[in-house]
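Colleague: Chains as they are written, first to last, in the working numbering: chain C, 1475 to 1686; chain G, 14 to 205; chain R, 16 to 249.
No wet-lab data here; the hints were simulated from the structure. Incorrect hints may appear among the rest.
Below, a list of computed lysine to aspartate or glutamate pairs in the EDC-like style, where the Cα atoms sit at most 16 Å apart [what the hints assert, rightly or not]:
1) G/K23 x C/E1553
2) G/K89 x C/D1647
3) C/K1481 x C/E1553
4) R/K27 x R/D213
5) G/K170 x C/E1478
6) C/K1481 x C/D1541
7) G/K68 x C/E1686
8) G/K89 x C/E1686
9) C/K1682 x C/E1478
Just so you have them, the derived chain C footprint on chain G, three or more residues with Cβ under 8 Å [what the hints assert, rightly or not]:
10) 57 to 66
11) 174 to 187
Computed from a predicted model, the values in this text were never measured in an experiment. Glycine residues also receive a C-beta, built at the ideal position from the N, C-alpha and C atoms.
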Amino acid sequence: MITELFKLFQRTRDWLGPILIFTMIMIAFPLSLNIYSADLISSFESVLVISLLMIAFISCDGIFNEDFLDGSFEMLISEGGSLFQAVFEKLCASFVLISFPIALAGLLFSIANGAINQNYMIALLGIFFVNIILNSIFAFGSAISLNKGAILGVISVLPFSMPAIILFGRFLDSISSNISSINLLQLLGGTSIITFLIFSWLCSRIIKLHIE
Amino acid sequence: MISAHNLSYKINKNTLFSGLNFDCKSGNIFQILGSNGSGKTSLLKILSGITNPTKGMVTLKGSIRKLYLGHKIPIKDYLTSEQNYYLLNGKDTLKDYDAYCDLINLNVPKSMLSANLSFGQKKKLILSKIFNQSYDILFLDEPFVGLDAETVMIIKKQILEMKKKGAGIFLTSHQETLEGDVLIDLDKGEIS
Amino acid sequence: MKNLLLPLISVKEYLNLNKMIYPYVLFLGIFFMLLGWIVGLLFAPIDAVQGHSYRIIYLHVPMAIYSQLIYWFMAIWSFSFLIWKIKIAPSMILSAAYIGCMVTFLALLSGSVWGIPTWGTWWQWDARITSTFILFIMYLALLTVNNSFQNTNTADQITAWIALVGVINIPIIKKSVDWWSTLHQPASISLTTESSIDLSMLIPLLISIIGVGIFLFSLGLKVSRWVIYRRESD
């Protein structure tokens, strides 16, 4: 776990890149509208959702490529190591270094754009959880398309992310209209844990298939 | 220690080998021969449990520490050579980085990024695994490619040492640098 | 019993059985399908509200039903392939994906055509339509994935995994869209009017559902034979 974190930290481009792209989208979005327009708040939610989707795709693209191509996975299997654990740790590292900062940035921009004006903690956790879900799903896509380019993974897993997007949209709706959203947060949290575990396992199966 | 029963392997419709039976006892060196594309690497991968055979099965007796070292080099370019060394061998190693460098003539400063290493130097780093841990079975795919003559001698000595300790060793090599106890010829399908 | 199961295991036995029953199934399918359509189009009464345009249900409803059923069929084969490594399973999954893709497309198309006179719009982000559309995309994705791997074994297993995971996704998508649309807009359209349908319209509908089912089955036989031959020749 620490090792994976360290390895990811060394590759600055892989973790800082997605965060920067996210920030740039968030800055570019009000510039493209009239800055004082009331549309800003109403369309902010969908921009947030779409950019989270995009960032999940970017940050998971090639997450397993390096270890697959340089033979680390083969060595791991031959030594009797657990592929599931390796995938699990990799994803955890990306949650800490990519998803959490993005959740924080997402919250800050939501406040700045006036979409969220209370329940900050709940909003932060909600964005973080949906990030976990999307990252797990796109990691599965990246496992499918290990040496085939990113497009294949995206088209094969994008349908799986639809429910998460719908759920998150509703969560944002309830939080911006100040309805109690703790139930939705719990649902998001539970879903994220289940998705994370299931998709890590699926990733390890698919990687094993690729190695064979 | 490890035995193969009626092993067959084919990719799509192309049969690489079929009906291989053998039994590896401790202290045996198996040398796998064959022309390019005869399935040497595939056989090693099947034996080490990375790939599943199309037919037949591989049985291992008891808990066995095994290692497969293939053509691919699991060295991370963005880490220094010392970090890679400890990534491969774990925190508490038999030899520390400097001692290993002395042993195998690896003149690389600790803080050098691995991206700047040559193929042979990377290979030397990988081979540190067989110096630091005791394995029951080794699967070495062309271990001597890209190494200088002196290093080949050192690696050979270490392999023979491990054999003396009772490890089973499978290797493929185009150069006849190490005499095998058992030869598996995949072109003819013979085991002698 | 063992003889009955043999075509599941041996490709040769399957092909023999396939060739033997294909003409009969095709004939039965076309017969019932045409019967249902002729009765439905010519003899069923005119709908009080929708006029003649409702008659597209004789195409639309069977297609919509089978678009989902075929996915289940595919998922069952995927499951059996991953567990028991049944030999003909990959061919079945692939042929089901081809037919499912076509059927789902027809369901969407006929739905849109029907939507123009009835709702005044050809598209609505309703739960059922959205989930059918995603289903269509999933069929296409499966075909793409299967096509992009050179190693047949890898391609088959990955396809089976996606098909199997996808089957969990379909009810989830339907539920979540349902949930979502009740928040944003009241469900203005409901397609489930089958219970209130008149018997004289229902009977041709049932016949055409059965007929289309048998016809698709015969199509499946044909396509699976083609898929098996193509895989053999690779």
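Colleague: Take the hints in turn and mark each one as holding or not.
Modeller: Hint check results:
no., hint, result
1, G/K23 x C/E1553, "violated (24 Å)"
2, G/K89 x C/D1647, "violated (44 Å)"
3, C/K1481 x C/E1553, "violated (21 Å)"
4, R/K27 x R/D213, "violated (47 Å)"
5, G/K170 x C/E1478, "violated (34 Å)"
6, C/K1481 x C/D1541, "holds (11 Å)"
7, G/K68 x C/E1686, "holds (14 Å)"
8, G/K89 x C/E1686, "violated (22 Å)"
9, C/K1682 x C/E1478, "violated (20 Å)"
10, 57 to 66, "holds (count 6)"
11, 174 to 187, "violated (count 0)"
The structure fails to meet hints 1, 2, 3, 4, 5, 8, 9, 11 from the earlier list, while all remaining hints are met.
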